[in-house]
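Quick note, the sequences are listed as chains A and B, same order. Our numbering applies: residue 1 is where the first sequence begins, and numbers increase by one. Our numbering applies: residue 1 is where the second sequence begins, and numbers increase by one.
Keep in mind that a hint or two might mislead.
[Unchecked claim] Covered stretches of chain A, as calculated for chain B (at least 3 residues, CB under 8 Å):
1. 120–132
2. 145–159
3. 193–203
[Claimed, not checked] Below are the DSS-like pairs computed for lysine-lysine, each with C-alpha atoms no more than 30 Å apart in a straight line:
4. Lys234/B - Lys207/B
5. Lys301/A - Lys107/B
6. Lys302/A - Lys107/B
[To be verified] Pair ranges (Cβ atoms, derived):
7. Pro152/B - Pro252/A: 25 to 33 Å
8. Val67/A - Met99/B: 41 to 49 Å
9. His68/B - His118/A: 36 to 44 Å
10. Pro4/B - Pro182/A: 56 to 64 Å
Calculated directly from the structure, the hints in this document are not laboratory data. Think of the CB as a built atom: it goes at the ideal place given N, C-alpha and C, for glycine as much as any other residue.
Listed below are the residues making up each chain.
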Amino acid sequence: MSQTRTAYEDIVVACPVTVPYVRYSIRGAHWFLAAALAELLKRAGLAKDKLDGLTVSSFTLAPDTAVGLTQHLGLTLRWLDHIPMGGASGIVALRRAARAVQCGDANAVACLAGDTNHTHSFRLNLATFSQFARDAVYPYGSGGANASFAFLTAYYMRTYGANAEDFGKICVAQRANALKFPFALMKKPLTLDDYLSARPIAEPLRLYDCVMPCAGAEAFLVLRRGAAERLGLPYARILATIERHNAFPDDPIQYRGGWTLDRDELYAQACLGPQDVDVLATYDDYPVITLMQIEDLGFCKKGDGPNFLRRESFTAEGSFPLNTSGGLLSVGQAGAAGGFLGLVEIVRQVTGQQLGAKVQGARIGLASGFGMINYDRGLCSGAAVLAAGTEQ
Amino acid sequence: MTPPLVRPPRKNPILRTRLPNLPPGGRSRVALGLTAAAALGRFELQVCRDCGTVQYPPREACRACLSHRLDWRAQDGAGELVSATLLHHSNELFYRERMPWRLGLVKLDCGPLIVAHLHGDCAPAPARVRVSLNLDRAGLAALVALPEKDTPNMADDRQLREMTCDPKFRKVLITDAKTALGQALVEAVVAAGADLVWAGHAEAWKKPPGFERLSAIPQVSLLPLDLTDSRAVKQLAGEIGGRVDILINTADYHRNFGISGREGIETARAEMDINYFGLLRLAQEFAPAMRARGADGQSSAVAWVNILSVFALSNFPPHGTYSASKAAALSLAQCLRAELAPAGVRVINIFPGPLDDEWNQSLPPPKIAPTRLAADIVAALRGGGEDVFPGDIAQDWLARWRDNPKALERELAAMPHQ
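Next up, chain A with everything else stripped away, as it sits in the complex (with noise of 0.2 Å):
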């Protein structure tokens, strides 16, 4: 029952912004949500009465939701969501804020995510995750995302010939990215013999399969081309996106996820084919995930993962460029705002403000979005397919 769906014409997206990541902070979320929102204005030029819709995605915002940040942050809007979908939250948020500008209902949309990261808000956002988590996972070794990862490795390792190597590639490289990123709290190199030599979290995981927690914020901006135009402002066109949440329940394990239903629209509505996409980002708080978001996004055929990673490279110069910050991996998981770490990059890259490692020529851009563990699996997929503006 497949429709064409409506393009999204000249509504682009502009302001790529990251709030710097720190390990644990003090600061409640709605700093480092004004941060972004105060960088984000500042970069457009844009007064703040001038702003007139806002989403917002984070996890420790509570006991406050979008509404209350409205209030905190002096903001009288026509337009507001709150996007709670962690690692979709950017794709999902790009769509919505898309529609309601293409609509009408609002003239120009900040996107907003972030979080803070006390020492123990880690752990206490995992008791409380969600009532499946609850009731039936974290009391079972209360080992986070890490367990339920680890079991997607170990069968997709089984069943695929994945072998440690591979995944330490995706890591290696990423770290070679995140080296040039000014934002990434890693800051030391990582050969494959460290990642392969690191100590085990839940097997077959290791330490630098594990994204590290942390506090930070990324923003971007949605509105129409003339008025990004009269901003003076470089933009990235929206060419196609999807969403899909609990794709496959039926799967006895996650190897596979909504892009699979999906991806044949998107490189539709798109015109365009994975073959034609010059760089990637996947949400990547684990090295299967993204190779899942590689293999069902259609970079190659389900399966054939290990021999894609074996021949292919992947930092920002390579046959591959993916992750080109350095990915989750290697920047910091600031909670809500991992789901657009990967976004934001996107639109640098096409929109020539990358801030580390450069794609030469990337004209197109896809950033996949991979959320909210909510019992067994990760429910939320999205994806969104940028072009560059203008000729740069």
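Got chain A sorted already, so can you dock chain B onto it with the hints?
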């Protein structure tokens, strides 16, 4: 395969006793349905009354047809281990102290996918397993994937032992070892590998048949214990309280008749003095030390067992005052359970039907034999539940009581008085 447990070395008195921590405790109310089943030693999952879909995790509406009519129904737990991990890192103290910890993802044959504690003898995935439901140290339901067939030393698995109260290499106090049940229990606990059994006996001048035999068992230490004597209970707790890992309160005072069959309250008072105040005296003196030793190594303090009666659920008028004393004891045992919970020490209540002894002489069969009851108590310690209804009569009364407690009240009232 799990190596056999070895006797722990003598405790080093210089080292600090490890303090009890518990697995995570938060659960939704609907998820406590699983705990209700685990408490009875059953494995039940929600099943949709309208479409038959089996559900997990516990929920408020059917995932297939959205019906609210979800009933807890017995499941057999057979399934396939899809994937496994060995955790080396945990966010909770309980597990940090017990790393590494094995977990499995299991697809049950009845449908749902579950995360479970994984027994060390389960083969690598993919493998057949059977899933059981145990109470964990927090007293909440926990799924445990066991190997499909029993293995030698299975109960000695490090993780499984954290879910059970196995008497092996533990020190056990049995408060009244003179009765037929007390004697059978001493022998059953010794056979289960207990390190030491303190066998209590009041009124030392009475020499019941068979009692002499116990003193010949090397693990058994006979000691005078009269639960009506507050000072004696306190003194004994001072002597051995810090070493008791499992306390089994078998002391029982049982007389027939209800209200009108007897003059005065002296017999009822005697029943209360043992069955209720006896438990209270024991709890006040022995529970504090057990609470401090809930995580004291491989042979920590682990269980408190009360021999109640199925008459505690609903009064059996021919034994009316006795029923009342057991109902009082049940209520107190719930209080004790709450007070021992922070230490992870399990309170196991045994609700036998009429025992085949002199005080039930005039009740018709079936009655439960003391040796059978003793075996069921040991099985309860090795298992994962906390409310045990041994024997056919107890099971029958439990089923009636759960189905319609008012009907059971009427049925019991209609039974002939003796």
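Right, here's what the structure says about each hint:
By the rule of at least three residues with a Cβ nearer than 8 Å to a Cβ of chain B, the coverage given for the stretch 120–132 of chain A holds, with 7 such residues. Against chain B, the stretch 145–159 of chain A contributes 8 residues with a C-beta closer than 8 Å to a partner C-beta. That satisfies the three-residue criterion, and the hint holds. Coverage of a stretch by a chain is defined here by at least three residues with a beta carbon nearer than 8 Å to that chain's beta carbons; for the stretch 193–203 of chain A and chain B the count is 5, and the condition holds. As the CA atoms of Lys234/B and Lys207/B are separated by approximately 25 Å, the hinted pair is consistent with the 30 Å bound.
Annotation: proposed proximity of Lys301/A to Lys107/B holds, straight-line Cα distance about 26 Å (limit 30 Å). Taking the CA atoms of Lys302/A and Lys107/B, the gap is near 22 Å; set against the 30 Å cutoff, the hint holds. Taking 25 to 33 Å as the suggested C-beta distance range, the pair Pro152/B and Pro252/A conforms, at roughly 31 Å. At roughly 42 Å, the beta carbons of Val67/A and Met99/B sit within the given window of 41 to 49 Å.
With their beta carbons about 39 Å apart, His68/B and His118/A fall inside the hinted range of 36 to 44 Å. For the pair Pro4/B and Pro182/A, the supplied restraint of 56 to 64 Å holds, since their beta-carbon distance comes to about 58 Å.
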